[in-house]
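Q: Could you build all of it, start to finish, from the sequences and the hints given here?
Chains A and B supply the protein sequences, listed in that same order.
Position one of the first sequence corresponds to residue 1 (the numbering used here), numbered consecutively onward.
Position one of the second sequence corresponds to residue 1 (the numbering used here), numbered consecutively onward.
Hints are not guaranteed to be accurate.
In the DSS-like style, the derived pairs of lysine-lysine whose C-alpha atoms are separated by at most 30 Å in a straight line are [to be verified]:
1) A:K346 x B:K56
2) A:K69 x B:K56
3) A:K261 x B:K25
4) B:K25 x A:K150
5) A:K266 x A:K150
6) A:K346 x A:K69
7) B:K56 x A:K183
8) A:K266 x B:K25
DEER-style ranges, computed between Cβ atoms [what the hints assert, rightly or not]:
9) A:Q181 x B:E35: 33 to 39 Å
10) A:D45 x B:E35: 38 to 44 Å
11) B:S21 x A:F289: 24 to 30 Å
12) A:S355 x B:S21: 38 to 44 Å
Since the hints were made in silico from the structure, they are not lab data.
Glycine is no exception: its CB is placed at the ideal position from the N, C-alpha and C atoms.
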Amino acid sequence: MQLSKKKVAGLLSAATCSLLGAPVQAEEGDWDVDTAVLFYSESDDRVEAFEPVISGTRDLGDDESLTMKLVLDSLTGASASGAVPSTMVQTFIRPSGNGSYQVAPNETPLDDTFKDTRVSFSMNWEKLSKEYDFTSLSGNAMWQRDTNQKNTTWSYGVNVEFDDIDPVGGAPEPLTDMLAQDKNNTDTRTVVDFLLGVTQVIDRSSLFQVNLSLSEADGYLTDPYKFVSEVDNVTGEPINQLFESRPDSRSRQSIYGKYKKILTNKDIFTASYRFMTDDWGVDSNTFDFSYRWTLDNGYYFQPRLRWYEQSEADFYYYFLRDGELPSDASADYRLGEMEATTVGFKFGRQIDEQSSWSFRLELYEQEGDSSPSEAFGQLAQQDLYPTVEATIVQFNYSFRW
Amino acid sequence: MNIKCHSLILCGALIASGCSSLGVKPWERDLLAREDMLMNADALDLAFDEHIYFSKEASSGGQGFAGGGCGCN
Numbered sequence: 001m002q003l004s005k006k007k008v009a010g011l012l013s014a015a016t017c018s019l020l021g022a023p024v025q026a027e028e029g030d031w032d033v034d035t036a037v038l039f040y041s042e043s044d045d046r047v048e049a050f051e052p053v054i055s056g057t058r059d060l061g062d063d064e065s066l067t068m069k070l071v072l073d074s075l076t077g078a079s080a081s082g083a084v085p086s087t088m089v090q091t092f093i094r095p096s097g098n099g100s101y102q103v104a105p106n107e108t109p110l111d112d113t114f115k116d117t118r119v120s121f122s123m124n125w126e127k128l129s130k131e132y133d134f135t136s137l138s139g140n141a142m143w144q145r146d147t148n149q150k151n152t153t154w155s156y157g158v159n160v161e162f163d164d165i166d167p168v169g170g171a172p173e174p175l176t177d178m179l180a181q182d183k184n185n186t187d188t189r190t191v192v193d194f195l196l197g198v199t200q201v202i203d204r205s206s207l208f209q210v211n212l213s214l215s216e217a218d219g220y221l222t223d224p225y226k227f228v229s230e231v232d233n234v235t236g237e238p239i240n241q242l243f244e245s246r247p248d249s250r251s252r253q254s255i256y257g258k259y260k261k262i263l264t265n266k267d268i269f270t271a272s273y274r275f276m277t278d279d280w281g282v283d284s285n286t287f288d289f290s291y292r293w294t295l296d297n298g299y300y301f302q303p304r305l306r307w308y309e310q311s312e313a314d315f316y317y318y319f320l321r322d323g324e325l326p327s328d329a330s331a332d333y334r335l336g337e338m339e340a341t342t343v344g345f346k347f348g349r350q351i352d353e354q355s356s357w358s359f360r361l362e363l364y365e366q367e368g369d370s371s372p373s374e375a376f377g378q379l380a381q382q383d384l385y386p387t388v389e390a391t392i393v394q395f396n397y398s399f400r401w
Numbered sequence: 001m002n003i004k005c006h007s008l009i010l011c012g013a014l015i016a017s018g019c020s021s022l023g024v025k026p027w028e029r030d031l032l033a034r035e036d037m038l039m040n041a042d043a044l045d046l047a048f049d050e051h052i053y054f055s056k057e058a059s060s061g062g063q064g065f066a067g068g069g070c071g072c073n
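A: This is the structure in structure tokens:
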């Protein structure tokens, strides 16, 4: 009997599918459980975060699955408020409007009331059919479609968020003096995201992904806890602390590409790049590389390098001169021109088909221009863009039952 | 939409149109089927990263939705 090429391909295809199903997908009724805890700590007693997560996925059979995820997110510490340092002691009213705190001369003003604990629970039901995937999670939906013998996967998604902004002490009226405490109770914001992606198998050992994203945000986009300092035109000393102001809409577009290759020695190389641009004037480039060294007995070691740079928003100011009143102004360092580098590694072990653990340690450093040319008077002696340094530690344990 | 946005879409379309000749047969998927070769391998790491960088930088999303986040950015 002579089998045609097409028949052989079909038989091999069926055999391969049954072989491949075993290590990758859970048996029907099994739970795949991922647990992890993240510690994030910035130097100089700034932000600290502790974030444990447990996530479970149950295979319901018939290409259906259910995922439940519980996250506890606890933040403490202090965050740069945007106000400039001064040669004198500065007094700031707390966000609640009750009480105040003082900042020593020549110190970066930090809001020391930064404290937040939140718990989130999400449930995600997924139904996969041969050429059509559908995922829905309260405000977002994602569709996937395989073509070209499952070598090409198309993804389309939409995400809608409605946020109520209810900051401590109320949402301040933009660009008003801190001393006036002109605040409203609540405000709202709407964010809509669209995503179009394609994942393509290149050959037996490599694949790539390209995503295009659009994001439209409308409403209250100002950070209610940030200030921008109004300074004396001669001395550069702050004379007023104004609540910042951002435009009430933001339109973002990004292109994201990721490439993965498994080498002949089973090591895995991953590279990704993202370009983002928005109508606030921020353009950013992000490069991310990792290399997973496969060691004996299921161990692996994975160094990683991430590099990020962004231009400043059109309304970013280190400070405002006395009498200068633009329609929007923010001194939030996250909207300034800067570069950030993350270096670190992950070390882990696939214990057996049922369980694995890993440990991740990374260092993050963010730097901007701390002595900009527009600084004058006492401002020329101050650090106007303090470096952020953070340590990221994470433990993971995954098992199946 | 501005020129940058059109460029992004054009770029994506060009990449996508060149995909049709790429790929493997089903029995050649032994390496690609490994869990660590999934595009979203280490999903919890990706979620943590997204949370950290969203809080420290002006950009977010790309691999997933950008979103509006927690209200602190």
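Q: State for each hint whether it applies.
A: Status of each hint after checking the structure:
Of the supplied pair hints, the one linking K346 of chain A and K56 of chain B holds, its CA atoms being roughly 22 Å apart against a limit of 30 Å. The suggested pairing of K69 of chain A with K56 of chain B holds, with an alpha-carbon distance near 24 Å, which does not exceed 30 Å. Of the supplied pair hints, the one linking K261 of chain A and K25 of chain B holds, its CA atoms being roughly 17 Å apart against a limit of 30 Å. Restraint check: the Cα-Cα separation between K25 of chain B and K150 of chain A comes to about 9 Å, which is no more than 30 Å; the hinted pair holds.
For the given pair, K266 of chain A sits about 23 Å from K150 of chain A by alpha-carbon distance, which is consistent with the 30 Å threshold. Straight-line distance between C-alpha atoms of K346 of chain A and K69 of chain A comes to about 23 Å, which keeps the hinted pair within the 30 Å bound. Note on K56 of chain B and K183 of chain A: the hinted pairing holds, with a Cα-Cα distance of about 26 Å set against a maximum of 30 Å. Proposed proximity of K266 of chain A and K25 of chain B is supported: the alpha carbons are some 20 Å apart, at most 30 Å.
Q181 of chain A and E35 of chain B have their C-beta atoms about 54 Å apart, which leaves the hinted 33 to 39 Å range violated. Checking the proposed 38 to 44 Å range against D45 of chain A and E35 of chain B shows it holds: the Cβ atoms sit about 39 Å from each other. Roughly 27 Å separates the CB atoms of S21 of chain B and F289 of chain A, a value that falls within the hinted 24 to 30 Å. Separation of S355 of chain A from S21 of chain B is about 40 Å and conforms to the stated range, judged on CB atoms against 38 to 44 Å.
Checked against the numbered hints listed earlier, the structure breaks hint 9 alone; every other hint is satisfied.
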